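Engineer: With the hints as constraints, model all of the structure from the sequences given.
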Amino acid sequence: MSESSSFILDDQEIPFMPGQSVMQAALAAGVFIPHLCYHPEFRPHGSCKLCTVKINGRPATSCTTPAAAGMEVESNTPEILDKRRTLLQMLLVEGNHFCPSCEKSGFCMLQALGYELGVVAPRFSLLYPARPVDASHPDVLLDFNRCILCELCIRASTEVDGKFVFALSGRGIKKHLVVNAESGKLADTNFSLADKAAQVCPVGVILPKRKGFAVPIGQRRFDAAPISAHVDEFKPVAPGERP
Amino acid sequence: MNAPRKLKVATTSLAGCFGCHMSFLDIDERLLDLLEFIEFDRTPLTDIKHCGPCDIGIIEGGVCNAENVCVLREFRANCKILIALGACAVNGGLPAQRNHLDLRDILAAVYVTEEGLVPGTQIPNDPELPLPLNQVHPIHEVVNIDYFLPGCPPSGDAIWKFLTDLLTGHTPRLGHGLIRYD
Ligand code: SF4
Ligand code: SF4
Ligand code: FES
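Chains as they are written, first to last, in the working numbering: chain H, 1 to 243; chain F, 1 to 182.
Do not rely on the hints blindly, as some may be mistaken.
As the list claims (entries may be wrong) - Covered stretches of chain H, going by a simulated chain F footprint (3 or more residues, C-beta under 8 Å):
1. 36-45
2. 104-112
3. 127-135
Treat the hints as calculated values from the structure; they're not laboratory data.
All of these numbers come straight from a predicted model, not from anything done at the bench.
Ideal Cβ positions, reconstructed from N, Cα and C, are used throughout, including at glycine.
Structural biologist: Next comes the structure, spelled out in structure tokens:
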């Protein structure tokens, strides 16, 4: 296979290596595609749909679609941006996202993408689900109110930590994150702050205790520049570095 | 030359903390520039009690009781453009953090079972008091809202950018640093 394979993304030629997804090739080329469940160190999950693009006129998730030579990919179009805004609005109304009291505020990908795409209104009715927090673990707080079901913690705990601490349970709107212990409590698992699963949540669910609001407003991850300017942080890692 | 008619602006705080109004005042001396183009109708700044026909209505806070609903409907009936200002108006904000609790339990916790209450304290039920709603609602769930400006509170700069965009006939665009949910 030649090294000169490329596809077109919004009028820009994007080179790719065999095996790369459209998302990986775009990020490697410095073009940001909004995403929540994609993580450079994990196999794609394809669940949040935020990375949806049109490939040769048909919608597809860019994190799961292998790049192919000559593809024509649309990402930054009014139609697709509008669909992404709708997805963000649905995620925001389904949980309880009260950013002023969230320790992840300023570091949160859901919030940063809302800013990036200009989401100012909830548009839908808010669900206000009742989701009690789990503060049982000595070092980590779980605030389920903000879970977007991306399964990154599940993938990390299973594939990297080998611990199977998290899982999803229920169906449809009742689907929710559970802790794999008879009591359902994090304290009754072998979860540790050093686990990969403690580092990957894109939103404010898995939070280290006694660290909240340590970084002042103005110096937080997404304060200075929008998430699209952080594209380098999402570049694919070399296959050898994969878990 | 005749100056163009000044736009009439009304503001109110429903289930909010007046922080958004304080932030509005944080536009500082730009308020004087603004007053070249607008005049206030009902607002906590003028103490006018009811809203007359207005061009722009600005609502801080969500809807937590029956009076909030009446005031919000009065604004919608009188204002050509209605703006949700701040987190509480946009998504319920802090007051809505009670929404997963039973209202009776909350009132009992404050007025009946709380330690150190004066003996005989009861849940207030004076007919003058507006009835609390079971849940706090963002205002777009009650009336149609034309524009949303999130933030807790939105900064003075965000409010200034938003209003100057609007007054110059543009769709308000906040941009990075001014669009904030916290
Ligand atoms: S998880 Fe993100 S969007 Fe949700 S409350 Fe926290 S900062 Fe806001
Ligand atoms: S807790 Fe975080 S990482 Fe785990 S599924 Fe929920 S949003 Fe994803
Ligand atoms: S990032 Fe592709 S579906 Fe979530």
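Engineer: Now, for every hint given, state plainly whether the structure supports it.
Structural biologist: Going through the hints against the structure:
no.	hint	in the structure
1	36-45	violated (count 0)
2	104-112	holds (count 3)
3	127-135	holds (count 4)
Of the numbered hints given earlier, the model fails hint 1 alone.
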